[in-house]
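Protein chains in written order, with this note's numbering: chain A, 1 to 286; chain B, 1 to 286; chain C, 1 to 286; chain D, 1 to 286.
Check before you lean on any hint, since a few could be wrong.
[Unchecked claim] Below, in silico cross-link-like pairs of lysine-lysine (DSS-like), each with a Cα-Cα straight-line distance of 27 Å or less:
| no. | chain 1 | residue 1 | chain 2 | residue 2 |
| --- | --- | --- | --- | --- |
| 1 | B | 205 | A | 202 |
| 2 | A | 205 | B | 54 |
| 3 | D | 202 | C | 202 |
The set of hints was computed from the structure by calculation and includes no laboratory data.
Protein chains: 4
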Amino acid sequence: MSEPSWILTLTCDDRVGIVGAIAGFLASRDGFILDSQQYADLETGRFFMRVVFKSGGRRFPPDTPALIAAFEGVATLLQLDWSLTEASVRPRVVVAVSKGSHCLNDLLHRRQTRALSVEIAAVVSNHESLRALAEWHGVPFHHLPVSDDREAQERAIEAVIAETDAQYLVLARYMQILSPDFARRLEGRCINIHHSFLPGFKGAKPYHRAHARGVKLIGATAHFVTGDLDEGPIIEQAVERIDHRASIDDMIRIGRDIEAQVLARAVEAIGERRVFLNDGKTVVFR
Amino acid sequence: MSEPSWILTLTCDDRVGIVGAIAGFLASRDGFILDSQQYADLETGRFFMRVVFKSGGRRFPPDTPALIAAFEGVATLLQLDWSLTEASVRPRVVVAVSKGSHCLNDLLHRRQTRALSVEIAAVVSNHESLRALAEWHGVPFHHLPVSDDREAQERAIEAVIAETDAQYLVLARYMQILSPDFARRLEGRCINIHHSFLPGFKGAKPYHRAHARGVKLIGATAHFVTGDLDEGPIIEQAVERIDHRASIDDMIRIGRDIEAQVLARAVEAIGERRVFLNDGKTVVFR
Amino acid sequence: MSEPSWILTLTCDDRVGIVGAIAGFLASRDGFILDSQQYADLETGRFFMRVVFKSGGRRFPPDTPALIAAFEGVATLLQLDWSLTEASVRPRVVVAVSKGSHCLNDLLHRRQTRALSVEIAAVVSNHESLRALAEWHGVPFHHLPVSDDREAQERAIEAVIAETDAQYLVLARYMQILSPDFARRLEGRCINIHHSFLPGFKGAKPYHRAHARGVKLIGATAHFVTGDLDEGPIIEQAVERIDHRASIDDMIRIGRDIEAQVLARAVEAIGERRVFLNDGKTVVFR
Amino acid sequence: MSEPSWILTLTCDDRVGIVGAIAGFLASRDGFILDSQQYADLETGRFFMRVVFKSGGRRFPPDTPALIAAFEGVATLLQLDWSLTEASVRPRVVVAVSKGSHCLNDLLHRRQTRALSVEIAAVVSNHESLRALAEWHGVPFHHLPVSDDREAQERAIEAVIAETDAQYLVLARYMQILSPDFARRLEGRCINIHHSFLPGFKGAKPYHRAHARGVKLIGATAHFVTGDLDEGPIIEQAVERIDHRASIDDMIRIGRDIEAQVLARAVEAIGERRVFLNDGKTVVFR
């Protein structure tokens, strides 16, 4: 528990010797590997790796900056896109909501029971309704209503992200479509929960359309937001079985549980640095 | 086991008194209800019911024709769309296949172990490849190749259906698109298995597109065939979890198991007369 | 939405004519059946039925007492064990907790979003830790510590149940074993969530034992409490897939979600009066 | 497809530098890593690794013996328990059955469609019933009835294993309990499918007991056979949802599908060399 560990994530063009070089670097510094996962995408030619390690002896660098400095040579040589952080440092996120509370409540409860791998730095909303919930959990709440000037509102969200030094914006049933520019500026840093098993029922009112279509499964999808609506890289999906008796209201009710679970799993994966972008798709290590 | 039972299925416009009339009829004839399920669709105003019953005493009609004759008065009064058959009489089906054997093998093995609720009267195929499998199971196999004259081939399939007195045509990975006319003539009597969780990835090569889209679930859908491709009423669906490591070939392999299971469940439901059409959707009792 | 409806539940020895009598009664009073489910257990010879209906015309009794009075004749004749209540009247429950908040938080959040079919009348606990959570939701919280006199504490719980006119006691990760007498007095009215897929890992520390045994699935079970520990009738179960990498802590964390979901589903079923006791087992209509 | 690849599996006491040494060895021989998974069990102190690689250049050993010879130095140094085989070489298995055909049919069908990662060298049975099925698939069938001399029958099974040079014995619903001696001689090489979610319903007639207990999930477990009945290391498990309406026969029927799927997944994992024994448990890489 108390012994510190580090997470190294990296991606690069695939070729012979990467794992050897990384593992060799760690071995030479007495780094003890706790977990290592990797994936080589033969189609895109990209390589992805996530290594968790701790100190295994006296040659281990004394602190994180020293560790990073030591690794920089290897990283430059292999032309890595990489990050190295202490495992206990949790990424900071801003959560955006509207009126629906189920996803926010789920995230805040996980936070409260110390089961969440991210730090919720603030909640922003275009409504006042969820202020009490956020503030009861001791999380700052910012009411940023959407007026005629949508751009101003989005700039205000970005200001909260900047002030709180947050890495991610999590749309937890935030019922506004981001402007393409805003989506682009947040590319790879903004996660949304969509209430359908995408690509089925892209767009608005998926439960209504699922009901009309008579599907036997309803689902939810957590994905990165891109300028292209509901087309961003998928992080996590799940479904629940329904039958002909399910009304639209039943679907909405059943769906809430799936949405909260799927978003929570995606946020956990982000927090544990298990998610990588891979050309319109994701690599999500376990 | 050996004691005979009957299945009554019916649908009609919903109003007060239907269940009372049906149950009253059965009670007056000493019919003992083994199972009864019903569903009232408040949107379409249609009522659906399936009752399984056996003889509970001496006022019970002596045979199926007498039972049907006795019920006809009630049915006319209530303007029912109905059917009444002995439970042990299994609907006959013709199975259409191409080269992929997994769905056919699954159905034939269930048949062999007496676990199938339909009678497989014949197998038709546009290829010769699965003749040995069908014939080993003692099921007649008809090779009906698709030439320039697609209509003639479809007429040949219909001839097999007519000769074998089959109620249903089951497309068990039959890789031909039915002509709209053929589909229309078989409306409500033709079931297909599609290798995606519809409406996601309608049309051809769904696993290729699922791979390209990076979904985390793949699935299969059994549905009635209509003139509108992949838009027919859904009977059954299931999905399986995959991750970024799944290649298209992996998806195809994993998908085979889902397809076989979903089709088997749909065929079982049809055989047990648990499936009703409801205006573009289905009612499937358990 | 606003139109009133009623739920009739009943159980009796199975024989010819029950459904007919019930449906006939409803038809004669212009009762319009919205949903009806029934089950005949051929082994125990018991019959179970749940009917939801509304007024379908002018012969319908003017209020619930009149409806009950009208039905009493049928009920006596058929020797029914029955209940008839307005559907909008939700059963009242007392929730017992210890320190773990995940199940309570889930129930309270469902209550807050009006998605819960029971009324949470009070929370009782042998610890103070969850007072703030309960009270924030406006639910009375009673701290009833367990001292040497366990019987006194259990009497205090019963007093809360009596004062709040609650029908059920829901043990939402309440970490005390009820005395056999207390369990017996609450038979059929007390629900527990056990953190294993019973009968696997009965008793204490199921995740530790699941970890030691190397299972690939962990689960949770909601059941009625009886004097026989972890042997009461099962209401609902679910599992989640794990692999060799899951530590005991991981299992506990993953398990929390399953526990909350399974308990919520069981409580919903109770609230909707879909659960019947059947000789050591349950009948749970959908 | 056609380009050869190799699978290296190894286990050893965990310490700094193992991954580095393995990856370094491969890099020095121009081995290109296609997939690598590892797991360090902090409780047992054991390390497990599976690497799939191909030739990435001209320093790669010319054939498998040369590759093995080259690796032996590293293996000795690290005190590895290891195996290195060409990926296309599938392990040979003998399948033991009794009268139930569903698992055997499933395995043979997968074999026929080239979707199976093991080679089925022979089928042995204490009954004649499944001879036709095995022989239709071109697999030798040995009828080895169980007489008073159980030991002789087990020696006969071992003779088939020896003659066919099989690595594994797969009990595909083989309804005989192996003698403790036989089980011990096959330790780590014999897989069984049990028709319950172990440790629930250990022993005989699990569906009957599941029915009596009123569980809402039934399942199946594939595990290594040890001298301790139904206590061997678990490889794979799955469950299916049932409700109060499921009779014992329904459970047996539903269970067949789960059993066949779970056994198939376990056999696939064995064939792909993804399964390791770990002190009463298993490590199963994906």
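Can you list which hints this structure breaks, lowest number first?
2
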